[in-house]
Amino acid sequence: MVLSRKNQSLITESEEQTVAAGRELAATLKNGDVVSLSGPLGAGKTCFIRGIAIGLGVNRGDIKSPSFTLVNEYYGSMPLYHFDLYRLKEISELYGIGWDDYLMRDGIVVVEWGEKAGDRLPDRRIEINIKIISENKRHLELALIGQKA
Amino acid sequence: MITLGIETSCDETSVAVVEDSDKILSNVILSQLIHKGYGGVVPELAGREHLKAIMTVYDEALKKAGVQAGDFDLIAATYGPGLVGALLVGLNFGKGLAYGYDKPFVAVNHLEGHIASNFLVHPNLPEKHITLIISGGHTSLVLVNGFGRYRVLGQTKDDAVGEAYDKVAKLLGLGYPGGEQIDRLGRIGDRKYFRFPRGVIREESYDFSYSGLKTAVALHVRDLSESELEQHRADIAASFQEAALEVLVVKTIRAAKEFGVEAVSLSGGVASNSRLKELMQKHLSKIKARFFCPPPELCTDNAAMIAAAGFRRFGIDGPSDLNANAVPYLKLV
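From first to last, the protein sequence lines stand for chains A and B. Counting from 1, one number per residue, gives the positions in the first sequence under the working numbering. Counting from 1001, one number per residue, gives the positions in the second sequence under the working numbering.
Just chain A, same shape as in the assembly:
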């Protein structure tokens, strides 16, 4: 089973499977896509994004949590901008990190704690919510916003 635009629900049993799910999704992503991830601390948002990055040919070692810098840039087969809005308090702070500029650039934007961007998220996006079921088990749900499957 894979998580895709058609199959929008997936249970993973390990961190590796969450990474693999991200990797599978990467194959279907196109230039300009925005993927917003939500889920509690420790759900595996960074893991999933690591999968996407690996799927786009980024070196595994280059993929880090951007909590400190708020955004990391990776260059695989396509540019990938990895945001983490965990520390964002007010939507207006997005100006300071060049959010709108990134949305207009070539490449794919993935964003952890995307819900914190509120209405500044583009109308057309992919939303992924990760729920913690047990220590290793996660429930991934994908929703297409403003587009068809």
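Warning: the hint list may mix true and false statements.
Unchecked claim - Restricting the straight-line Cα-Cα distance to at most 16 Å, the calculated cross-link-like pairs of lysine to aspartate or glutamate (EDC-like) are:
hint	chain 1	residue 1	chain 2	residue 2
1	A	Lys131	A	Glu15
2	B	Lys1331	A	Glu16
3	B	Lys1331	A	Asp62
4	B	Lys1192	B	Asp1235
5	A	Lys131	B	Asp1321
6	A	Lys137	A	Glu16
7	B	Lys1277	B	Asp1207
8	B	Lys1103	B	Glu1262
9	A	Lys131	A	Glu141
Read the hints as simulated data drawn from the structure, not as lab findings. As the structure is a prediction and not an experimental result, all values here were calculated from the model.
Got chain A; can you put chain B on it based on the hints?
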């Protein structure tokens, strides 16, 4: 030779005056306490606050050092890694002074600054040693073969150790900065209360991983009632800290043995952690290696280390171009 150092890579605005390679005349650090309410650094605030603070911090640094504006021979400022909006403030301030007073300017790598912090205060630190740079944004184990010659042995694969501290502090309902709070609670809590995972401790590589540990603490806290959390807050802090630090100690000692160094140094904000220093000291004395750690005001981000690194860098490469730009993802090598 008098070097003016400027550091604004993250949430500290700092200006220092250092004479030659080792005499600190002043080191003024203004922490942006405004971030306290946010449980971490918010970049836009960082840039704006640096801008508000830099002139005052600069004046204070000159006054404390007893130096007049323009009475310096070299200006050194951090150009990366860090938050771009924050870096630009200090970097441009430095370049402006260099242009205005017609003094040489040198752009400094913040990570090399941390390495220099130990050379600055420990004249007896052997040129060849292992250093562990640990902070909110970095976790790097480096083999130093003298200033300017580095081999990065390993680094974090996901979260930095200081970031794990901040996130766990938030889970436990503690304030920012999380490191100090956990260190304090860790001293009274039960270190054996719960065995949290030691990320990649058995792996042969010198890399680190703190994402799994953060997740384990999150899951543990999720399953506790409010009163249980209240009761075990210090125990969780102590147990988390034991797991986080054991990996640092084990890998550092292993590297010290493998590369046959006689000394190990710590730098970065997490280097002021009292439990870490205690553990390092204990294990290093067993292998007869010496242990070096800067005082707390040189562990946290500060401009004295930038001045010290700038002075040495200038000796190797000469001045930087005044077009030097900020590089947010700058690496050590």
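task: Enumerate the violated hints, using their earlier numbering and listing them in ascending order.
output: Violated hints: 2, 5, 7, 8; rest satisfied.
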